[in-house]
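The lines below spell out each chain.
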Amino acid sequence: MTTLREPLSTTASAASGDGDTTTYREAVGEAIREAMLADDRVFLMGEDVGAYGGAHGVSKGLLEEFGEERVRDTPLSENGFVGAGVGAALGGMRPIVEIMTVNFSLLALDQILNTAATVLHMSGGQAAVPLVIRMTTGGGRQLAAQHSHSLEGWYAHIPGLRVIAPATVGDARWMLGPALADPDPVVIFEHGMLYNASGTVGTGPVDISTAAVRRRGDDVTIAAYGGTVALAMQAADELAADGVQADVVDLRVLRPLDSATVADSVRRTHRLVVVDEGWRSGSLAAEVATRVHEDVFYELDAPVRRVCSAEVPLPYPRHLEQAALPSVARVVAACRALTGHG
Amino acid sequence: MTTLREPLSTTASAASGDGDTTTYREAVGEAIREAMLADDRVFLMGEDVGAYGGAHGVSKGLLEEFGEERVRDTPLSENGFVGAGVGAALGGMRPIVEIMTVNFSLLALDQILNTAATVLHMSGGQAAVPLVIRMTTGGGRQLAAQHSHSLEGWYAHIPGLRVIAPATVGDARWMLGPALADPDPVVIFEHGMLYNASGTVGTGPVDISTAAVRRRGDDVTIAAYGGTVALAMQAADELAADGVQADVVDLRVLRPLDSATVADSVRRTHRLVVVDEGWRSGSLAAEVATRVHEDVFYELDAPVRRVCSAEVPLPYPRHLEQAALPSVARVVAACRALTGHG
Amino acid sequence: MPGTADVALLRSMLRIRRFEEKCAELYSAGSIRGFLHLYIGEEAVAAGVMPNLEPDDAVVATYREHGHALARGLPMRAVMAEMFGRVDGCSHGRGGSMHLFDIGRRFFGGNAIVAAGIPTAVGLALADRMAGRTGRVTACFFGDGAVAEGAFHEAANLAALWQLPVLFCCENNYYAMGTALRRYESQTDLCLKAASYEIAAWPVDGMDVLAVRDAARHAVAAVRGGSGPVFLELRTYRYRAHSMYDPDRYRDRSEIEKWKERDPIPALSARLQEHGGLDPAGERALQDEVAAEIEDAVAFAEASPLEPVDDLERWVYSEAGTR
Amino acid sequence: MPGTADVALLRSMLRIRRFEEKCAELYSAGSIRGFLHLYIGEEAVAAGVMPNLEPDDAVVATYREHGHALARGLPMRAVMAEMFGRVDGCSHGRGGSMHLFDIGRRFFGGNAIVAAGIPTAVGLALADRMAGRTGRVTACFFGDGAVAEGAFHEAANLAALWQLPVLFCCENNYYAMGTALRRYESQTDLCLKAASYEIAAWPVDGMDVLAVRDAARHAVAAVRGGSGPVFLELRTYRYRAHSMYDPDRYRDRSEIEKWKERDPIPALSARLQEHGGLDPAGERALQDEVAAEIEDAVAFAEASPLEPVDDLERWVYSEAGTR
Ligand SMILES: Cc1ncc(C[n+]2csc(CCOP(=O)(O)OP(=O)(O)O)c2C)c(N)n1
Ligand SMILES: Cc1ncc(C[n+]2csc(CCOP(=O)(O)OP(=O)(O)O)c2C)c(N)n1
Ligand SMILES: [Mg+2]
Ligand SMILES: [Mg+2]
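Residue numbers (my numbering), protein chains in the order written: chain Z, 349 to 690; chain S, 349 to 690; chain D, 4 to 326; chain V, 4 to 326.
Don't read these hints as lab results, they were simulated from the structure.
Because the structure is a prediction, the values reported are computed rather than measured.
Incorrect hints may have been included.
What the hints assert, rightly or not - DSBU-like mimics (lysine-lysine), calculated; alpha carbons at most 35 angstroms apart, straight line:
#: 1; chain 1: Z; residue 1: K408; chain 2: V; residue 2: K263
#: 2; chain 1: S; residue 1: K408; chain 2: D; residue 2: K261
#: 3; chain 1: D; residue 1: K261; chain 2: D; residue 2: K25
#: 4; chain 1: V; residue 1: K25; chain 2: V; residue 2: K263
#: 5; chain 1: Z; residue 1: K408; chain 2: V; residue 2: K25
#: 6; chain 1: S; residue 1: K408; chain 2: D; residue 2: K25
#: 7; chain 1: S; residue 1: K408; chain 2: D; residue 2: K263
#: 8; chain 1: Z; residue 1: K408; chain 2: V; residue 2: K261
#: 9; chain 1: V; residue 1: K261; chain 2: V; residue 2: K25
#: 10; chain 1: D; residue 1: K263; chain 2: D; residue 2: K25
Make a model of the complete structure from these sequences and hints.
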């Protein structure tokens with residue numbers, strides 16, 4: 349497990365004195381707990397969020413604290429309970445619906461795209477859906493071809509949604525509040541490899557509209573999100589040992605995508621590597637790259653490089669899975685190729 | 349209805365003497381009929397493909413000709429019957445599964461991604477799925493926010509699938525055969541605005557691995573697919589009147605995406621406009637643009653431009669729907685901006 | 004003994020029928036576009052169920068929902084303007100025929116994905132339960148075809164498991180587009196599906212508006228009482244094609260004619276006349292009143308402006324300060 | 004009277020149990036990774052159903068399918084090598100525990116999306132029917148949890164509507180991960196779901212391998228005869244946690260202990276010994292034989308190479324000339 353270091357700077361909280369260390373898992377759980385304490389309309393619903401304690405242990409203890417009405421174990425019925433979440437949101441509640449993993453979210457995608465994201469528009473502005481959907485994403489745990497997808501890019505394509513991907517313990521702790529305050533549906537991606545990561549909680553709320561610069565450097569920009577931010581940070585360390593200083597942008601808000609922060613960085617560095625665990629073709633990285641080409645083409649010394657997953661359903665054996673996923677080495681190599689330090 | 353003109357060149361058939369004119373609808377129907385006559389393993393399955401004649405009239409007459417076993421009306425159960433198609437393909441049949449429109453395909457996406465596209469890999473090469481899935485896509489008929497999606501880009505993101513988008517009557521007629529011959533799953537997108545288009549049938553089969561250059565010009569490249577190819581051709585006509593000659597590339601095969609043909613064109617024209625009916629952020633156009641930036645960055649006079657749909661669920665009223673969709677005027681304007689003829 | 008309530012039912016059905024006949028005309032004329040799904044023949048269902056609901060109850064419907072919108076009390080003007088795509092439409096013109104909304108009247112659309120409104124209804128009922136708004140009902144209308152979708156089953160189980168106040172109104176018109184019920188369901192007794200979730204379920208003659216009204220009254224009372232969901236299978240028939248695109252080749256004309264013999268409008272009218280609840284002059288007055296309302300609605304819709312193109316990207320996200 | 008067939012059942016269950024006990028050990032040792040879902044406690048189901056199937060029949064299973072793979076006749080070596088992710092694995096090492104495949108033996112996986120294998124099974128049966136391969140059966144295994152998924156319902160309707168030769172084997176172990184059946188199904192009699200599609204359905208004591216074998220024999224015969232699908236609800240219990248990640252906090256130890264009293268392995272062993280089908284020496288020999296087979300399989304798996312990294316992108320598409 350990679351431990352994320354402290355962000356060097358975030359656009360959010362005035363980096364306070366709260367130096368408590370906790371895990372990402374606990375940070376998410378605490379965020380849910382706080383929201384439920386603060387607002388009766390908030391409840392948690394999903395497969396095994398209650399008696400089991402959450403497939404990833406996030407909601408352990410919440411059933412005992414809040415009871416079965418507000419910590420609602422559901423049947424295996426992704427389309428059904430996500431749809432019920434949409435209805436409950438229309439009915440004035442503030443549901444947090446957990447889809448165990450992004451892999452199963454395909455079963456609920458109709459409800460997410462065709463109803464949750466769309467009903468405000470097709471009702472001419474009447475039917476807002478203040479729904480939060482959380483799901484685990486990503487590979488790296490040898491869960492093989494059906495349990496390792498990284499489909500954030502698809503969700504980031506859907507008008508009407510806000511899509512966020514907390515990569516730090518602080519963001520995991522503090523982005524849920526603003527997500528629940530948002531009048532429209534928000535999808536939160538939690539990378540499965542992050543739950544055990546520990547870091548400082550800091551203070552919140554964290555703003556859910558902008559990317560965060562996690563490290564400053566003038567030679568190359570590395571843009572990443574979710575599970576790949578840690579890779580970017582490690583790559584930046586390795587590069588620094590060679591005298592190459594990388595700016596690391598944690599995209600963090602995938603829709604509406606804050607490409608302006610990336611473009612600003614590129615204006616200084618003139619080089620960009622985008623790291624994305626999605627399959628390369630049609631990846632979110634393509635959107636980031638395209639926007640940067642569109643916006644700051646003449647600032648670029650070379651075309652944007654992408655470090656993505658190989659275009660293969662993730663294989664079970666570790667050596668093949670690791671070869672398919674973005675790695676520190678591949679990020680470093682891409683940066684070196686751009687900076688001429690190859 | 350826009351009528352597509354004859355392709356100036358295709359990489360396919362040696363542009364034969366067959367000058368028969370027919371509609372896109374009839375061409376698809378005839379392709380299915382021919383395949384069913386030629387191979388007992390081929391059958392058609394989907395909602396209303398039989399007694400109704402196909403929601404878009406494509407399969408009219410096939411039930412009468414082939415009977416209920418081979419022209420199989422299904423319940424409204426997209427996940428179920430697409431999954432049954434996967435199973436039938438594993439069992440040695442060559443199913444053509446029709447999903448009425450891409451909008452409903454979300455309900456079947458689990459079967460498509462997690463089983464159809466993945467089972468070959470996760471079985472270590474044993475379980476090939478020779479399945480063809482056809483679906484109607486796109487907007488333009490005032491069908492509003494839930495019936496007008498253009499999600500080709502999502503399917504083009506999925507390893508294990510081949511994704512094709514016939515834009516001409518000839519491709520509609522001749523791409524099905526090779527799709528059925530493919531040992532792996534092929535998804536075919538038919539744009540709803542094309543069914544009434546008429547054109548010459550030509551001869552086949554048409555190759556399903558390469559893009560087709562539909563018109564030659566040296567000043568700017570317009571890449572488009574499916575429903576937007578006709579816009580690109582019209583835009584090229586308008587530009588020609590001003591002395592700007594556009595190369596029009598019909599992408600046609602969206603996965604594996606033949607970006608090499610686009611790059612080749614850009615090497616001559618040094619300018620690229622990508623037209624895509626998908627919502628702009630995370631569009632297939634982003635992938636095309638990114639690849640061109642990656643591959644021929646130094647050939648470009650200016651960043652690639654995208655003409656996509658506005659990021660809004662399509663509204664019902666015609667004036668708003670048209671404003672949201674790519675248009676000839678927007679394509680022309682993008683080309684003019686690039687060629688300095690603005 | 005028929006009373007004014009029964010005349011109101013007749014009026015309700017007539018409004019729907021005449022409204023839709025006008026819509027068909029306007030479709031041919033090009034004023035209405037996109038998909039248009041007519042409810043003609045099925046009016047007794049919406050007209051019979053709706054009077055049992057209170058303003059605080061909620062309604063979820065499908066793309067074939069003009070009847071439900073009108074019976075729920077959406078002003079005909081706003082519905083017609085929506086058909087035209089004008090700013091005074093009940094969905095501000097954005098939705099059209101398939102997406103009629105009026106949140107103030109707790110009319111939650113207008114969902115054009117088959118069966119997709121059913122989980123929404125379950126969620127609305129869940130919200131009522133969790134917020135302690137006891138006694139509220141959410142009525143959800145959907146077709147026979149929707150029962151084949153997994154979404155129906157998932158939602159039915161949730162509603163029954165959590166004992167939620169949902170009234171499932173399955174409008175069985177025996178066809179899903181061009182596919183007859185017996186050609187797509189292995190077991191055509193749809194009440195059995197509900198029963199397999201322990202949901203009380205019963206069939207109702209959907210061509211008899213009084214039968215519908217009475218059955219729905221009992222069902223609504225049960226749901227309101229908190230004993231969990233109820234499922235009504237309302238057996239009815241669509242006279243017209245599925246949509247304006249449908250060549251309607253999949254059924255015999257004689258089948259349609261047979262159902263028309265049981266048309267709920269003349270049946271109720273005859274009954275009322277027989278029992279003295281309405282005389283021919285009263286009936287004529289009713290017809291005239293409805294015709295005038297429709298004429299007024301069309302004029303209203305025609306006069307209503309189109310939304311400015313500059314507003315295209317409105318309502319993708321809530322406007323600041325909405326909540 | 005017990006016979007050699009019954010000893011074979013005992014062997015089959017023992018192979019599964021010991022194989023999985025070894026896997027749990029190897030998981031702790033790090034040789035097996037990812038998800039590992041143990042079937043321990045449920046062996047009587049796969050062991051009892053499988054002998055009724057012929058080589059031409061097909062099997063579809065879930066992520067909890069070691070038992071089904073072994074009972075179907077996949078060589079233990081190939082299954083163990085797959086657990087290790089090695090090239091000699093039955094899925095060439097690509098799949099791991101959740102994706103065991105052997106198309107030659109018509110074992111179609113190993114699907115780890117709950118309920119997603121059910122439509123596949125329906126399609127396999129459809130292929131048999133359309134290709135005129137009468138008398139073939141497709142057996143589909145899935146858990147109680149899968150019944151809540153829409154996919155089950157859509158597939159059940161298709162199978163019944165088209166009278167396809169599918170044997171639905173619902174392994175009801177009363178839990179979907181940590182959620183008890185009564186907490187997620189409004190009606191816990193799962194046979195009623197099947198019945199609502201006109202599918203013959205009956206419950207079976209899944210802890211009694213002879214009962215399973217006999218029930219499955221009748222069911223397979225019915226399906227083979229062409230009278231459409233049959234649904235068996237096999238009542239059983241999982242002794243271990245859902246997966247190696249599961250802290251198993253959601254049930255009482257006493258519940259587990261109660262089910263263990265009905266463990267099918269000692270039960271059959273006792274029965275065999277009582278009726279003279281097996282003596283203590285024979286039982287010891289059986290145990291030794293199984294232990295030796297497992298030892299051999301582990302050695303085989305350990306010796307099998309890893310696939311070269313350069314082959315990473317193989318099998319995303321079929322290799323030329325495959326068909
Ligand atoms: C998920 C989905 N699949 C297909 C369609 C296309 N479609 C629209 S209505 C319809 C038939 C629905 O039949 P039923 O539920 O009986 O309602 P009815 O139209 O008869 O009122 C179909 C297939 C759709 N809108 N949504
Ligand atoms: C569609 C889907 N949702 C959730 C999961 C996560 N998951 C894996 S197994 C399981 C429980 C399944 O229970 P059941 O069907 O009873 O089978 P059992 O594990 O008891 O054999 C869950 C929730 C999944 N794999 N697929
Ligand atoms: Mg119907
Ligand atoms: Mg279970």
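Taking only the CA atoms, is the gap from V:K25 to V:K263 under or equal to 35 angstroms? holds (19 angstroms)
Holds or violated: are the alpha carbons of S:K408 and D:K261 at most 35 angstroms from each other? holds (27 angstroms)
Hinted pair Z:K408 and V:K263, Cα distance within 35 angstroms: holds (28 angstroms)
Are S:K408 and D:K263 close enough, with their CA atoms no more than 35 angstroms apart? holds (28 angstroms)
Can you confirm whether the C-alpha distance between D:K261 and D:K25 stays at or below 35 angstroms? Since the Cα atoms of D:K261 and D:K25 sit roughly 24 angstroms apart, the hinted pair holds (cutoff 35 angstroms).
Holds or violated: Z:K408 with V:K25, Cα cutoff 35 angstroms? Measuring from Cα to Cα gives roughly 30 angstroms; hence the hint holds.
If you draw a straight line from the CA of S:K408 to the CA of D:K25, is it 35 angstroms or shorter? holds (30 angstroms)
For the pair supplied as a hint, V:K261 and V:K25, is the alpha-carbon distance within the 35 angstroms limit? holds (24 angstroms)
Would the pair Z:K408 and V:K261 pass a check requiring their Cα atoms to be no farther apart than 35 angstroms? Answer holds: Z:K408 to V:K261 is near 27 angstroms, not above 35 angstroms.
Hinted pair, alpha-carbon criterion (35 angstroms max): D:K263, D:K25. Please report holds or violated. holds (19 angstroms)
The earlier numbered hints are all upheld by this structure, with none contradicted.
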